[in-house]
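Quick mapping for you: the protein sequence lines, in order, are chains D and L. Each residue of the first sequence is one higher than the one before, counting from 10 in this note's numbering. Each residue of the second sequence is one higher than the one before, counting from 211 in this note's numbering.
There's no promise every hint is true.
Derived list of chain L stretches under chain D, where covered just means 3 residues or more per stretch with a C-beta under 8 angstroms from a C-beta of chain D [claimed, not checked]:
#, stretch
1, 293-299
2, 371-379
Straight line, CA to CA, 25 angstroms or less: simulated PhoX-like cross-link-like pairs of lysine-lysine [said to hold, decoys possible]:
#, chain 1, residue 1, chain 2, residue 2
3, D, K172, L, K399
4, L, K459, D, K58
5, L, K322, L, K269
6, L, K459, D, K136
7, L, K298, L, K322
8, L, K300, L, K341
9, D, K50, L, K269
If you are wondering where the hints come from, they were derived from the structure by calculation, not from laboratory data. C-beta: ideal position from N, C-alpha, C; glycine also.
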Amino acid sequence: MRKLIWLLISSLVVFSCDPKPAQFRPPDIYVPVYGTLSEIKQYQVEPPKSTVQAGKIYAYQNFIFQNDLYTGIHIIDNKDQNPVKIAFLHIPLNTDIAIKGNYLFANNYTDLVVFDITDPAHPQFIKRVSNVFPSVDQDYPPFTNVYFQCPDNSKGVVVRWEKNDSIPLPNCRR
Amino acid sequence: MIKTILYFLLIPFIFFACEKNSTSTPSSKGNETTGQGGSLATFAIVGNYLYTVDDTQLKVFDISNLANPQLRNTENIGFTIETVFPFKDKLFIGSPTQIFIYSIEDPAHPQKLSSAISPTVMRRCDPVVAKDSVAYATLRTNGPCGGTQSMLAVYNITDITHPVQVYTYPVSEPYGLGYSGDVLYVCDKQNGLLLFDISEPYKPTPINVYLHDGLYQDVIPYQNTLICWTSTGVILYDITDNRNPVLIKSII
Numbered sequence: 010m011r012k013l014i015w016l017l018i019s020s021l022v023v024f025s026c027d028p029k030p031a032q033f034r035p036p037d038i039y040v041p042v043y044g045t046l047s048e049i050k051q052y053q054v055e056p057p058k059s060t061v062q063a064g065k066i067y068a069y070q071n072f073i074f075q076n077d078l079y080t081g082i083h084i085i086d087n088k089d090q091n092p093v094k095i096a097f098l099h100i101p102l103n104t105d106i107a108i109k110g111n112y113l114f115a116n117n118y119t120d121l122v123v124f125d126i127t128d129p130a131h132p133q134f135i136k137r138v139s140n141v142f143p144s145v146d147q148d149y150p151p152f153t154n155v156y157f158q159c160p161d162n163s164k165g166v167v168v169r170w171e172k173n174d175s176i177p178l179p180n181c182r183r
Numbered sequence: 211m212i213k214t215i216l217y218f219l220l221i222p223f224i225f226f227a228c229e230k231n232s233t234s235t236p237s238s239k240g241n242e243t244t245g246q247g248g249s250l251a252t253f254a255i256v257g258n259y260l261y262t263v264d265d266t267q268l269k270v271f272d273i274s275n276l277a278n279p280q281l282r283n284t285e286n287i288g289f290t291i292e293t294v295f296p297f298k299d300k301l302f303i304g305s306p307t308q309i310f311i312y313s314i315e316d317p318a319h320p321q322k323l324s325s326a327i328s329p330t331v332m333r334r335c336d337p338v339v340a341k342d343s344v345a346y347a348t349l350r351t352n353g354p355c356g357g358t359q360s361m362l363a364v365y366n367i368t369d370i371t372h373p374v375q376v377y378t379y380p381v382s383e384p385y386g387l388g389y390s391g392d393v394l395y396v397c398d399k400q401n402g403l404l405l406f407d408i409s410e411p412y413k414p415t416p417i418n419v420y421l422h423d424g425l426y427q428d429v430i431p432y433q434n435t436l437i438c439w440t441s442t443g444v445i446l447y448d449i450t451d452n453r454n455p456v457l458i459k460s461i462i
């Protein structure tokens, strides 16, 4: 009987020493990315550049548009199926666009912005409709069961939350 | 647990507005054509209106004067609204828990219809394209979407508010999809672009697989070009022969 108990105990010890229990998963960690309101609302037309985080796509006439997540829109001329990047329209925090009649509509943080793309290599700013989209939550990321760096308001406005699992476990959690 | 950024895995249920160009034509003044989005859009233009969805709301912008959009209406819909897709005179609005169907017969005042597609039939995270009375959806099991088998599912949508699943085909990690004529293109992440023959609409049969580089996310068949969103950028194929795409270029 005693042997049996020892066997049971030792088997428990063996199992508890398993270095990688099947259920273990590191927690997701998010960090706030800060900006100032004036930075956030600055748009500009830039020369073509490499894609960093490929985002949503949109087709309009001979042109293809691709969002680069949170930074703007690559404009690609696909005339005669010879696609060439012709410009990058930098719009902070942009994620999506739609186009009608040479007018491009895009989100820019909490605003809707309109550009005339009659010359797609040189979009012209036309109009800003302010405060029509919700801002990023300043207090915590839009997820539960995650850790996150506690926001510091002195650093500016939280413009987005970025996943970063390589930092030490922060104090804030939800 | 949510593994990647909100963008990719929270994608709920997506329609591809196959009649977008034709529906926009009546209100167009000559050159005012409307472009075409992928199947993950939060912006959709129908006629003189731009519809956008954000976390909780559907916004209606009057763009009859394109240079001066006016916010006409805001509808509180629910929580974690992620996509909007126009199909005929309806808007399908995807959230993780439910698909809301709004009528835009009166385009400035979307009306919520009493019935929504049951999430047990066509669940969240399911990109969909619709063609006449058939809809194709990709159901996948990774991420927060649940389910037990990733697949391409085929629905009879003769009654659009009550889709009936009529066929399924196993696919490993399907995302966006689109069709050109009788060929359906399905993005299958690292497995590439899958081609299906849909000349028998309710029974797609696999034809071929294309894989150049990156993870295939979404697709827009646009005129004779197939625009693929991959993790590296955009890959274009010539689909003049829709079942034999020819690589044009990868744009990174």
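Right, here's what the structure says about each hint:
1. 293-299: violated (count 0)
2. 371-379: violated (count 0)
3. D:K172 x L:K399: holds (21 angstroms)
4. L:K459 x D:K58: holds (16 angstroms)
5. L:K322 x L:K269: Cα-Cα ~14 angstroms, so holds.
6. L:K459 x D:K136: violated (34 angstroms)
7. L:K298 x L:K322: It holds: about 15 angstroms lies between the C-alpha atoms, which stays within 25 angstroms.
8. L:K300 x L:K341: Distance ~14 angstroms between L:K300 and L:K341 Cα, so the pair holds.
9. D:K50 x L:K269: holds (21 angstroms)
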